[in-house]
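**Q** Chains as they are written, first to last, in this note's numbering: chain F, 8 to 156; chain B, -3 to 244.
No wet-lab data here; the hints were simulated from the structure. Idealized CB from N, CA, C, for every residue including glycine. Hints are supplied without guarantee of correctness; some may be wrong.
What the hints assert, rightly or not - No more than 27 Å apart at the CA atoms, straight line, and that leaves these computed lysine-lysine pairs for DSSO-like:
(1) B:Lys23 with B:Lys108
(2) B:Lys158 with F:Lys48
(3) F:Lys55 with B:Lys59
To be verified - These stretches of chain B come out as covered by chain F in the derived footprint (C-beta under 8 Å, 3 or more residues):
(4) 60 to 69
(5) 136 to 145
(6) 193 to 204
Said to hold, decoys possible - Below, a sample of chain F positions facing chain B; criterion: calculated Cβ distance under 7 Å:
(7) Met33
(8) His36
(9) Thr42
(10) Asp45
(11) Arg52
(12) Ile59
(13) Leu60
(14) Thr64
(15) Val66
(16) Met72
(17) Phe73
(18) Phe123
(19) Trp125
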Amino acid sequence: MSHTHNDHNTQHFYEGDQSKLYSGVMNPHFGHDITAPDSKKQVGRIWKVFWILLVVTIVEVILGMFFSHHLPEGLVAFFFLTLTLLKAAYIVSVFMHLGDERRNFLITVLIPLVLFIWFIIAFLADGDFWLHMNSTSPTRDVAAIVSIK
Amino acid sequence: MAQATATTADSKLWGGGRSPFNVSYGKMMMWFFLLSDTFTFGAFLISYGTNRFFSAVWPDPNKVFKAFPMMGHMSLPLLFVSIMTFILIMSSVTMVLAVHAGHYGDRKGVIKWLLFTIVGGICFLSCQAWEWTHLHSEGAWWGSFTDLSAPASSIEHFFRAKAISNPAFAAGAGMQATHDFYNFFFTITGFHGAHVASGVVLLIIALVNSVNGTYDRRGHYEMVEKIGLYWHFVDLVWVFVFTCFYLL
């Protein structure tokens, strides 16, 4: 990314007017020709991701409309969640340019998300346990609550 | 010797006066804000999932979201929300093209793509307004629930409803499930819609600044990139909302 600059000619950006850091160091394209091949290549990449997102969404909708009621619930959930994560990865990596950032930054942003693995497992398991309690404990039987009313 | 040099360079890199991530302060703070927002939406969706897991029955999205404007009572499951999803994906593409034009300092390109993105955002919000109005006309709202005296057949299309033999239990479970379903639906899509609406406001500000040449005078279009990050995040949240409410 910073191949057009070396440490000697970027140091003054840090020491002088910091507002020039962005256009001077962090965005090497500034002032370059937008019709140049490297720009065209990036635009092509953006449209390619658009088509991927569109096709994945269409597959999801077809699956949801016609097949999700004839397949095991767990399998359907697995398909949908995998396709969702695939779409999320493309959006974050290409549209949000996280894939173009330095690896250190990418890791800094992604590591806190590991907490979600625990959140999801713990809370869904808890919900399932409650359902079990609801249908076996006589004090939680909804039928009993209805008869009180 | 080589190792000593590397250590010195490393401590200089992280010792202040530089940006080791090569990311500007504003952009990094936008990323951290989005990370916190991820946890907000994550908490919403996980609590929705928890409720769904402890409910004996659950409404089937193909039966709830089946209406389409001008189509009367025709059953067209998922079709309308697919169009909403397409609009949001499309606006994400025009946004990333605006960011790309900004990278190269191409003012005309930024203005053109920002305009398309704003139109997409407004279309999405209009679709959501229609969907909410339609659901509201069917009696769905925060706090709404099915009638306990309704026959068991009124919820027989719910997930897992066929497994329940006791009709009184089924009615109670159906009441609780519809109540939870609509509370979560309106809260989460409402919170997302509020994000889209504030995104549209930010985009309009960026458009006005681009037209006025503010960013050219500043020497960069970093603001467009930061608003772009926010806009893509809103699209990203919709990807998960779409899966949780309409597909699963």
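**Q** None of the hints should be skipped; say for each whether it holds.
**A** For each hint, the structure was consulted:
no.: 1; hint: B:Lys23 with B:Lys108; verdict: 23 Å, holds
no.: 2; hint: B:Lys158 with F:Lys48; verdict: 54 Å, violated
no.: 3; hint: F:Lys55 with B:Lys59; verdict: 34 Å, violated
no.: 4; hint: 60 to 69; verdict: violated (count 0)
no.: 5; hint: 136 to 145; verdict: violated (count 1)
no.: 6; hint: 193 to 204; verdict: violated (count 0)
no.: 7; hint: Met33; verdict: 6 Å, holds
no.: 8; hint: His36; verdict: 4 Å, holds
no.: 9; hint: Thr42; verdict: 9 Å, violated
no.: 10; hint: Asp45; verdict: 10 Å, violated
no.: 11; hint: Arg52; verdict: 10 Å, violated
no.: 12; hint: Ile59; verdict: 10 Å, violated
no.: 13; hint: Leu60; verdict: 5 Å, holds
no.: 14; hint: Thr64; verdict: 6 Å, holds
no.: 15; hint: Val66; verdict: 11 Å, violated
no.: 16; hint: Met72; verdict: 5 Å, holds
no.: 17; hint: Phe73; verdict: 10 Å, violated
no.: 18; hint: Phe123; verdict: 6 Å, holds
no.: 19; hint: Trp125; verdict: 11 Å, violated
Hint compliance for this structure: hints 2, 3, 4, 5, 6, 9, 10, 11, 12, 15, 17, 19 are broken, all remaining hints hold.
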